[in-house]
Every structure is written in structure tokens, then in C-alpha cells.
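Visitor: Following the hints, complete the assembly by docking chain B onto the known chain A.
Number of protein chains: 2
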Amino acid sequence: MKATGIIVEYNPFHNGHLHHAAQTKKQSGADVLIAVMSGQFLQRGEPAFADKWTRTQMAIAAGVDLVIELPYVYATAQASDFAKGGIALLDAIGCDSFCFGSEQGDIEPFLRSYSLLEEQRDQYEHLIHEAVQTGISYPMALNKAYIQLTGNADGFADLKQPNNILGFHYIEAARKMNSRIRPMTIQRIGANYHDPIESSTAIASATGIRKAFFEDKSIEELSVFMPEASVLALKRFKEETGSFGSWERFYPLLRYTILKERPESLKRFAEVTEGIENLIYEAAKIEDTFEGFIVRVKSKRFTRTRVQRMMTHIFTGFTWQQLRSFQAPSYLRLLGMSANGRTYLHHQKKKIELPLISRAASLNDSMGKLDIHATNMYLLGLGATRLKKEFTTPPIYFG
Amino acid sequence: MKATGIIVEYNPFHNGHLHHAAQTKKQSGADVLIAVMSGQFLQRGEPAFADKWTRTQMAIAAGVDLVIELPYVYATAQASDFAKGGIALLDAIGCDSFCFGSEQGDIEPFLRSYSLLEEQRDQYEHLIHEAVQTGISYPMALNKAYIQLTGNADGFADLKQPNNILGFHYIEAARKMNSRIRPMTIQRIGANYHDPIESSTAIASATGIRKAFFEDKSIEELSVFMPEASVLALKRFKEETGSFGSWERFYPLLRYTILKERPESLKRFAEVTEGIENLIYEAAKIEDTFEGFIVRVKSKRFTRTRVQRMMTHIFTGFTWQQLRSFQAPSYLRLLGMSANGRTYLHHQKKKIELPLISRAASLNDSMGKLDIHATNMYLLGLGATRLKKEFTTPPIYFG
Numbered sequence: 001m002k003a004t005g006i007i008v009e010y011n012p013f014h015n016g017h018l019h020h021a022a023q024t025k026k027q028s029g030a031d032v033l034i035a036v037m038s039g040q041f042l043q044r045g046e047p048a049f050a051d052k053w054t055r056t057q058m059a060i061a062a063g064v065d066l067v068i069e070l071p072y073v074y075a076t077a078q079a080s081d082f083a084k085g086g087i088a089l090l091d092a093i094g095c096d097s098f099c100f101g102s103e104q105g106d107i108e109p110f111l112r113s114y115s116l117l118e119e120q121r122d123q124y125e126h127l128i129h130e131a132v133q134t135g136i137s138y139p140m141a142l143n144k145a146y147i148q149l150t151g152n153a154d155g156f157a158d159l160k161q162p163n164n165i166l167g168f169h170y171i172e173a174a175r176k177m178n179s180r181i182r183p184m185t186i187q188r189i190g191a192n193y194h195d196p197i198e199s200s201t202a203i204a205s206a207t208g209i210r211k212a213f214f215e216d217k218s219i220e221e222l223s224v225f226m227p228e229a230s231v232l233a234l235k236r237f238k239e240e241t242g243s244f245g246s247w248e249r250f251y252p253l254l255r256y257t258i259l260k261e262r263p264e265s266l267k268r269f270a271e272v273t274e275g276i277e278n279l280i281y282e283a284a285k286i287e288d289t290f291e292g293f294i295v296r297v298k299s300k301r302f303t304r305t306r307v308q309r310m311m312t313h314i315f316t317g318f319t320w321q322q323l324r325s326f327q328a329p330s331y332l333r334l335l336g337m338s339a340n341g342r343t344y345l346h347h348q349k350k351k352i353e354l355p356l357i358s359r360a361a362s363l364n365d366s367m368g369k370l371d372i373h374a375t376n377m378y379l380l381g382l383g384a385t386r387l388k389k390e391f392t393t394p395p396i397y398f399g
Numbered sequence: 001m002k003a004t005g006i007i008v009e010y011n012p013f014h015n016g017h018l019h020h021a022a023q024t025k026k027q028s029g030a031d032v033l034i035a036v037m038s039g040q041f042l043q044r045g046e047p048a049f050a051d052k053w054t055r056t057q058m059a060i061a062a063g064v065d066l067v068i069e070l071p072y073v074y075a076t077a078q079a080s081d082f083a084k085g086g087i088a089l090l091d092a093i094g095c096d097s098f099c100f101g102s103e104q105g106d107i108e109p110f111l112r113s114y115s116l117l118e119e120q121r122d123q124y125e126h127l128i129h130e131a132v133q134t135g136i137s138y139p140m141a142l143n144k145a146y147i148q149l150t151g152n153a154d155g156f157a158d159l160k161q162p163n164n165i166l167g168f169h170y171i172e173a174a175r176k177m178n179s180r181i182r183p184m185t186i187q188r189i190g191a192n193y194h195d196p197i198e199s200s201t202a203i204a205s206a207t208g209i210r211k212a213f214f215e216d217k218s219i220e221e222l223s224v225f226m227p228e229a230s231v232l233a234l235k236r237f238k239e240e241t242g243s244f245g246s247w248e249r250f251y252p253l254l255r256y257t258i259l260k261e262r263p264e265s266l267k268r269f270a271e272v273t274e275g276i277e278n279l280i281y282e283a284a285k286i287e288d289t290f291e292g293f294i295v296r297v298k299s300k301r302f303t304r305t306r307v308q309r310m311m312t313h314i315f316t317g318f319t320w321q322q323l324r325s326f327q328a329p330s331y332l333r334l335l336g337m338s339a340n341g342r343t344y345l346h347h348q349k350k351k352i353e354l355p356l357i358s359r360a361a362s363l364n365d366s367m368g369k370l371d372i373h374a375t376n377m378y379l380l381g382l383g384a385t386r387l388k389k390e391f392t393t394p395p396i397y398f399g
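Order-wise, the sequence lines are chains A and B.
Residue 5 in our numbering is what sits at position 5 of the first sequence, and the numbering runs on without skipping anything.
Residue 115 in our numbering is what sits at position 115 of the second sequence, and the numbering runs on without skipping anything.
Isolated chain A, as found in the complex (with noise of 0.2 Å):
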């Protein structure tokens, strides 16, 4: 049986999603489908819309076979790093090909610039190097001094692309893990990221969709723009936890934490840099809402994303420690698995080269008992009191 793979979040899955899901099986030629997804916390540094167990619901239902844990580590890192998780697992878990949705829509120009980076990495480095200590942003300066390499040449992947960058990210991790994975992309479709539900047809941005979830429109508004599966999905988890991940939501607890370290002791957390701890203190003291909070905080050269990631360690308790004691995946976490996806688990069984886990009290290394860790930290922010999820959830079956 041959497998493609794919890397996903699904906050939440949406038709979108649902494209690029049937379009990857069919050009890839596989049999199985395999997603990789980010657990409770998600790569623009937030908590998911949605837990695993439900998101892992949608994947399955709309025709994925395998959904896979990207753990926290990977999950909640800056793309290089995310991306590394990613690929890994998938080659892993015997993956012959992977493919990615892009603005580009195109597999060649990604080649090319892998290439010529390589080829002149020394000088790339140098540039990024300049472009930072002019105070922008790590991705505006990564970008620049690609700009400042290629010329701007047509036949060059375009890298301001949020989703070409990310796409790049693959194929450089794919590469240098030498992994004989085949990458793919497919051409994005619909709405933009920000797009509020109303202007867009059958594609809506996952902004919006969750905008429409926030207000509580009805199941027929919904199905619209998902499968109905995954409506009702969402409205089960809402039903059961009482509101749906957002960092409003979380902010009592994140503000409270904040609050209670001081700001010399903020620094241990991950992704905080030196000289920020003093403004992310005296923003919590001020600010009574999220949004009012980041706004103070974030500014050219720390993005919202970049912020949202230090919040997301500081409310998991992550410490720069912990982050750099990790090397690569050491399991792949079983959410979620179709009849198809279970046969290919059983022939590829001795294949497979990490250990395959499906119940949570089987994780017992470091890593897996952080994702345990963020799913306790995940309910405790949804306001939810019993803790035992990660414990009495096994693997979502279809058959």
C-alpha cells in the first residue's frame, strides 16, 4: 500500500481543507492518506479552536486514514522547526510522497530555491544576519535577503507567501533529513486568511468560520462552508467544554501567570527574549482583555505570532530548557485511524520506525508527557475541571 501525507492543523477543518484532502490522494496516486496535526496548541502560537479528539474527528470523516499527534514541541515552534516535526513523522510512518498547499500552486520554483540557498547558503546567512540588526522581523529579514539572492528572477518560489514559506520549510527539512519523501503541492483556493465568512461562497477563511461559531449560527449557515460532520462536531465539543479555545478565553489564566512571575523570571519561558519580560509584565497589569494585551506588546520586530508563541509557553509553564533538550520525534501518537488507515497500519506494521502509540499512558518519555502536559493545560483554560481526557480518549475509529 502506498501512503502521501500531509501536515495540518484543521482550526477547524473546513472545504478548504476538504480540497486539498481529495486532491493530494488523487495526484499522489496513494492509497492512504496520513495527516499529521497539530495537538491543543497551534503554530501561530494559540490554543486550537477545537481539542485534538474533535479536530481528529472532522480529518477522519472527510476521508483522512491516519491522523498523527504533531507534538507540542513541533506544533508550537517557528516553521523550520515545525516543519521538521512534520516531515519526520511522516517519513516515519512510511509515507512515499507529501504535499502541501500553496499560493504558488507549483512544485518547481520550490526546487529551484532550495537549490540556489544551498548553493550560496553562506552568503544567504550573512544577509539574514544584516537584515535582522536592522530591527525587522526574523521572517521580513529571511525574506529580504532572498529577494537580495534571486533577484527577483521569475522561476523562484514567491517567499512572502505565508503558505509558500512554509511549503519551503518541508522541502528543506525533507532534504536535509535526506528522506527520499516525494514532495507535491497543490494550489490554495478561496477565501484570504482574514476574510469574514459573509464575503466568501462555498470557501471560507477558518478566521472566519470560527467568527461564525463565536455567534452561534445555525447548522445550515455551517454547512455551507465544511461538511455538516464537521459542524456538528464542533457543536458537540462546544456542548461539552462550554466554549470553544481562543485566547480571550485563556486569558484569565495566562494574565494570573504573568502576573505571578515576576518579570525576571518570565525569561525562562521559551521564545521570550531578553528585554521583552518588562512590557509583557506591565501589559498584563494593565490590559483586562487579550486582544488589548498583544496589541501593547507586539510590534515590528516581535509579530502577534512571535508574542503568541512566547504567551503559549508561558501558560504551558515551557522553559528555553525544555526546548532545547528535545532532538528528533521519538513516537507517533495515534489519534485517529478509518478502516483503510488500520489495514495500512497492520501491513506496514514492522516498517515503522518509531513506536506506535495509541493510549496516552504509554507515553512515558519527556516529549510525549508534555503533550500530555499542554492537553491538561488546554481543558484547564477552557474552564473544564475533569482531567482524565488524554487518559480514557483512545484512538477515533470510522470503519
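In case anyone wonders, no lab produced these hints; they're calculated from the structure.
Please note: incorrect hints may appear among the correct ones.
As the list makes no split between identical chains, a pair holds if one copy fits it or if it spans any two.
Below, in silico cross-link-like pairs of lysine-lysine (DSS-like), each with a Cα-Cα straight-line distance of 30 Å or less [to be verified]:
#1 Lys267 <-> Lys285
#2 Lys351 <-> Lys235
#3 Lys2 <-> Lys144
#4 Lys285 <-> Lys235
#5 Lys298 <-> Lys350
#6 Lys144 <-> Lys238
#7 Lys176 <-> Lys217
#8 Lys238 <-> Lys350
#9 Lys388 <-> Lys25
#10 Lys300 <-> Lys389
Guide: For chain B alone, kept in the frame of chain A given last:
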């Protein structure tokens, strides 16, 4: 003008406290009654039922002339340090005498007990050490050693009774700092600490009264047990903040912060003795109420009060290192005054040994900043969103 002092918590103020205040003024023959009062967290390791300004209002309305805040570091400490802080402040503000309520009701047995223990200090400490080795709590060990020394003879204070113990520590504190302040005591009357309100007449226990407020009893019913001004002040506090302070109310934040830490790092917080950190962590994982949590953690060795003090410090982020860095009180924070109290301050001004602080903005050493911090933590625990109260609340004045 002659001043006398009391050390109080007023959690909340009731008829028993009214009796103590009136008797103290009468027996001392003083012109001015000064109370040193715990701030937002109390000696039993609990958040106060109402904030320090509400409790100050109750005190001034009931005839106390000056209310001075007992800083967090003393207010939440074990009895001997609590006593040191209280006596040092009463001494610094110029009291000739102080008066504590006791089961004993007569000062002579206390003085006799103190002399005996001073004379036989080495032997006493040896006996305490021996008793602690058997696994009983420190307060029980003290009492056991004491009984061995006195042979249960008449004429000594009964140091099994909680208010007698505290009184003994006041005397010890005064003697050790060579204060000329004269100790007095009056008999405590009325309800036992844990009597429910119904079984009492005009004096009910603080526990019973808090329960009656949680049950939202009428002003008429509550006024039987406390001055009407106190009832009204508490009702107003509830309206403003939405709830009274209690560990159940604070538990979601406490639980989150315990689980955010790893057991290893819980040991940095003050009073958290090596060996109990895993128990604390596991209990928080399982229990979704504070009562369930504390029952799981307390033991013969670690009493409820002792564990609650640990929780107070975990909640506020107060470490062993901070605890060890404090020496004597460094300021007198004025929370409230009557016209009579103001006249006293005016006359006494030049003789007062510590800076008299009426605005939080003037608290600029670490002990004072900790009091501001404790208020922020207290307000967040209550669910308040605005944190300026320390800076916007002037001393209460009833002229």
C-alpha cells in the same frame, strides 16, 4: 495621648471582635485603639473573605481608631513570625500596651509560662526536637514538650488552646525585641470557631458567619451577629466583586498554577517542604474542588493550616528565597483612621519609628511591593479584571 494595640484579621468583623475592641480600650485606659490587621491573605493560609479595605471599614465603623496593614510576609507566616510582625508594628507606632483575646483570660499564667521556657530553653528545644522526630506536627510537638516541662501543674497557660498559643507568641515576640509594650489579655467569649450560626446567640463563629453570607442570608438575620455597618460593607463588597474570597473560589487558578509547575519546581515556594511536592501535584490532577484537594494532601504531619499556607505561597508565587530575604517590618501602611486616630498620628508623628505610608505608590521596597502584588493576586483570584485598587484606594476615613 496613650495608645493600645490589637492584632486582628476581622474575617469578617463580628460581635466578638466588638467586645474585644471595647474591652481593650477600657482595660488599658488608652485614648486610642490601634489595630494591626492582615492584608488579603491570612494566617491560616487563606484568601480573606473580603478585601482589606472592606475589613478596615468594618473596623473603623466599630470604634478602632487606626488600622495598619500587617505585611504579607508576616500575615501568612507561622504563629511566631505572625506575632513578631504584629508586635513590631504596634511597638513602632507607639502603643503602651496590647491586648489579645485568649481562652485563658488572665495574663499571669502566660508570663509564668514564658519565664519557665526561657529558663529551660535548651531542654525545651531538645524535647521539641524529639517530639518532631515521632512524626507529629510542629504545633503538637511544641505542646508535648511544654507539658513535659510544666508537668501539667496549675498556674501555667494552657497552650493547647489556639488563642492561648498565639498570645504566648505575642509575649515572646515583645520580650525578644526588648519592647516596653505591656501585654494584657481578655477572655474570649461566645461561639467556638466552627459552630454554625444557628447554634449561637449574639456571638457566632467567623466560620458560621461566612457560611451565612455564602447562603445570602438577609441583613436582619446577619445583624444579630455583627454590627449593621459590617453587614452593609460586606454586602457592598459582594456586589462590587461578584463573590467573597475563599479557596473554592480561587481553586481554578491555584490548580492551574500547581499543574503548570512540575513537582520539582513546586519546592521553590515558601513553606513547601521537600517530599510533599508530588502529593500536591497528583492531588491537583485528580481533584476538582479545593476541599477534595486539601483532604488528599493534609496529614498528621502537615495540618490543613500548614498546607493552606503552602497553597497561599504557591498561589502568589512567593518563594523560600523571598521569605528568607526579609528582616523586620520596614513601614507602617495606614489602611484607615478615625478622627481620633488622625489626631494621634498628628501628635505622635515625630516619634513613630517607621515611615507611615498612606499611598501604595510610596511602597518602594520589596516588602511593600509584595503587598501590592498580593492584592493583584487576590483580585485575580476573585475574578476581578481591574487591578488598580491598591493605587486608587486612599485610607478609609470616618471623621
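Visitor: Now, for every hint given, state plainly whether the structure supports it.
Guide: Structure-based check of each hint:
When the C-alpha separation of Lys267 and Lys285 is checked against a cutoff of 30 Å, the pair qualifies both within a copy, at 17 Å, and between copies, at 27 Å. When the C-alpha separation of Lys351 and Lys235 is checked against a cutoff of 30 Å, the pair qualifies neither within a copy, at 39 Å, nor between copies, at 69 Å. In this assembly of identical chains, Lys2 and Lys144 lie within 30 Å of each other by CA distance neither inside one copy nor across copies; the values are 39 Å within and 76 Å between. Within a single copy, Lys285 and Lys235 get their C-alpha atoms only as close as 35 Å, which misses the 30 Å cut-off; across copies the closest is 27 Å, which meets it.
In this homomeric assembly, Lys298 and Lys350 never come within 30 Å of each other (Cα to Cα): the closest approach is 48 Å inside a single copy and 50 Å across copies. In this assembly of identical chains, the alpha carbons of Lys144 and Lys238 never lie at most 30 Å apart, being 43 Å within a copy and 57 Å across copies at closest. For the homomeric pair Lys176 and Lys217, neither the shortest alpha-carbon distance inside one copy (46 Å) nor that between copies (70 Å) is at most 30 Å. When the C-alpha separation of Lys238 and Lys350 is checked against a cutoff of 30 Å, the pair qualifies neither within a copy, at 39 Å, nor between copies, at 64 Å.
In the homo-oligomer, the alpha carbons of Lys388 and Lys25 never lie at most 30 Å apart, since the shortest distance is 35 Å inside one protomer and 57 Å across protomers. Taking the shortest alpha-carbon separations for Lys300 and Lys389, neither the intra-copy value of 40 Å nor the inter-copy value of 33 Å comes in at or below 30 Å.
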